[in-house]
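Novice: Got chain U; can you put chain C on it based on the hints?
Protein sequence lines, in the order shown, are assigned to chains U and C. Residue numbers for the first sequence follow our numbering, beginning at 1 and rising by one. Residue numbers for the second sequence follow our numbering, beginning at 178 and rising by one.
Hints listed in this document are in silico derivations from the structure and should not be mistaken for laboratory results. Glycine included, every Cβ here is placed at the ideal spot set by N, Cα and C. Please note: incorrect hints may appear among the correct ones.
Claimed, not checked - Computed cross-link-like contacts, DMTMM-like style, restricted to lysine to aspartate or glutamate with a CA-CA straight-line distance of at most 20 Å:
id : chain 1 : residue 1 : chain 2 : residue 2
1  : C       : K626      : U       : E71
2  : U       : K56       : U       : E153
3  : U       : K56       : C       : E359
4  : C       : K626      : U       : D139
5  : C       : K400      : C       : E513
6  : U       : K56       : C       : E344
7  : U       : K99       : U       : E155
8  : C       : K593      : C       : D550
Unchecked claim - Chain U residues, not near chain C, derived (Cβ > 12 Å throughout):
id : residue
9  : V16
10 : I39
11 : L64
Unchecked claim - Chain C stretches covered by chain U per the calculated footprint, using a threshold of three residues with CB under 8 Å from any CB of chain U:
id : stretch
12 : 350–358
13 : 610–623
This is what each chain is made of:
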Amino acid sequence: MEPHDHEPLPPAVPPVTRRDFLFKLGLAMNVLAAALVGIPVVGYVASALVKDRGRKAWIPLGGLDDFPLGETRLASYRNPFTTPWDGVTADVPCWVRRKAAGDFQVFAINCAHLGCPVRWFPQSSLFMCPCHGGVYYEDGSRASGPPPRGLFEYEFRVRGNHLEVRGGQTPNLSEPV
Amino acid sequence: MNRIRLLGQWLDDRLALGRLYEHTIGHRIPASSASWWYVFGSATLVCLIIQLVTGVCLALVYVPSPDDAYASLEYLDYEQPFGWYLRGLHYWGSNFMVALVTIHMVQIFLFGAYKYPRELTWMVGCALFLATIGMAFTGQTMRFDQDAYWGVEIIVSILGRLPGVGEYATHLLQGGPIVGAETLSRFFALHVFVIPGALIGLLVIHIRLILVLGISEYPVAGKHVEPGAYCDDYEGVVEKTGIRLMPEGGGKDLVFGALVLLAIVLCAALIGPKIPNGPADPTLIHTVPRPDFYFLSLFAAFALMPPYLESVVIVYVMPLAIVLLFAVPFISRGRERHPSRRPGAVIAVIVVLLSLFTLAWEGVKSPWSPQMDAWSGVAVQPRFVRGRSPLEHAGATVLQAKQCRNCHALDGAGGKRGPDLAGVATRLTEDQLVRQVLQGGGNMPAYGKHLAPHEVTALVAFLGTLHPENQPPARSAASSSSPPTGFREPR
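Here chain U stands alone, though its shape is the one from the complex (with noise of 0.2 Å):
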């Protein structure tokens, strides 16, 4: 007798059992779930990317009679995007310097190297970095040291007898303000 004649053939597709479908259906509940979960969660994670996209606002730096002529002179703005506890670190400091009688120029305090504030020396007219040594010309040019680039120089514009910058974020070489 041949064995083979006796034994039941395979079925062609295995039967989908109860237990096999709830725990398919499982998977795909939580995987459901998670992205639910999951989705906001990065949304919320990356909104920083989004949420300041265009953030940028024209802010009163002084009034013009705070700048003489010829001179450079430390400003600070406060930045007009803050929440509420973010204290000191939402005051900004800049470098304005005053070429004409309605002509400005406005550097952001980052050294163009790695982001350190740059301090402004009027007796050579030169601004040095106290982090690893980039000197800057009065007008932002790089003088000397590892700075691939000048000051960064802030838009402005005169209201008035006010000086306006256009701030709200920390320039740095993929954005330069």
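Specialist: Quick look at chain C alone, frame taken from chain U:
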């Protein structure tokens, strides 16, 4: 007494503590592994435990908001009972942890313990090393002072150099367009939730791998690691001459761990925590930001490498170095484990450590930074002006007033950015000095627009006197034999 034993038996019955012991701290290790060289991993774990305990305590008081962080640090230091001490333990614990995890890594590398079958143990260890460094950096930021603020600005500027994604990376890390409240909150979340969570998870895998694969036996010169035969050999050794980790094998770990603990306690009690150096107010620009010691070598590297290399290093070299670190077991495939048979490995360790220490030492001195107050704080020494003419005196005044001293020392006093000017007249002729002052060059700014002709004349006249008594000033070979005006013959 009997009741206590009964309770112990009951707990063992329910929790299978005996079996847990047998498979963990009671597992058998080769007798040769109970060595003083093998204590650094467990000592790192001791540091981690201190960090966890003190970290949780500090979080009870610390407020991660720029408005209050500094005040809460001062409260910790001066008002909270034992606050300064716990800050000290946490600070020194982090220093010791970074040092010990590095020593542990060097020891594993030198002993070839990453070789078959422990490749994955090494890679998880590398991830633990990076997590520790991440904890160190985010922790430095928790001390929200001027160093912390500008340290974040530096990291953001480094990220800003990534091509294409720089803008996104900086905004993601800052939590917005500037360093502010959300930045500190992000660093806080990284420091107390994300990285510690990852670190503990990785540590569980690391220990699991050690338990599954066994601790490596002490290397023997000439004894090869043969994949395939190794595991049977190892099990044979453990079977025949193995000892239990606790209590037989772990005495040295216990002693060294306790010594580390005592050292941290001593440092915290005697030296104390690092005091925050001023509130993180960006408008206080009279600051000289410096990182904690673990980042000094990186800080120095960015000052010393040629500017055109910086972006290449950030984008390619640093990620590649990390990949190479992880890939060590697959690059170094030799069968020898003993360092005496692996001179390349020994040389690599010496070169890397020497470079890091040299860079860190340079970072401490940072000669590339102008000394910002030298022009007003470091006077020209009297011997350089004694007996000079009025013109030369005027020149010395120009040298001070125009901040030359911020970069140029006179006989060691002053900035180190440029060459020391004490003997400059022996190196440059009068004409060369004038050209150098007016046009700059060789990393010196040009002063042509900011010095009046009479100031240049006076300055160069003074510089011309800066040569040793017995050494004449430099002269142009093309000029007449008479000394140039303003230059003084040696007396």
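Novice: For every hint, state whether the structure bears it out.
Specialist: Each hint, compared with the structure:
no., hint, result
1, K626/C - E71/U, "holds, 15 Å"
2, K56/U - E153/U, "holds, 14 Å"
3, K56/U - E359/C, "holds, 18 Å"
4, K626/C - D139/U, "holds, 12 Å"
5, K400/C - E513/C, "holds, 7 Å"
6, K56/U - E344/C, "holds, 15 Å"
7, K99/U - E155/U, "holds, 15 Å"
8, K593/C - D550/C, "holds, 13 Å"
9, V16, "holds, 37 Å"
10, I39, "holds, 17 Å"
11, L64, "holds, 21 Å"
12, 350–358, "holds (count 8)"
13, 610–623, "holds (count 5)"
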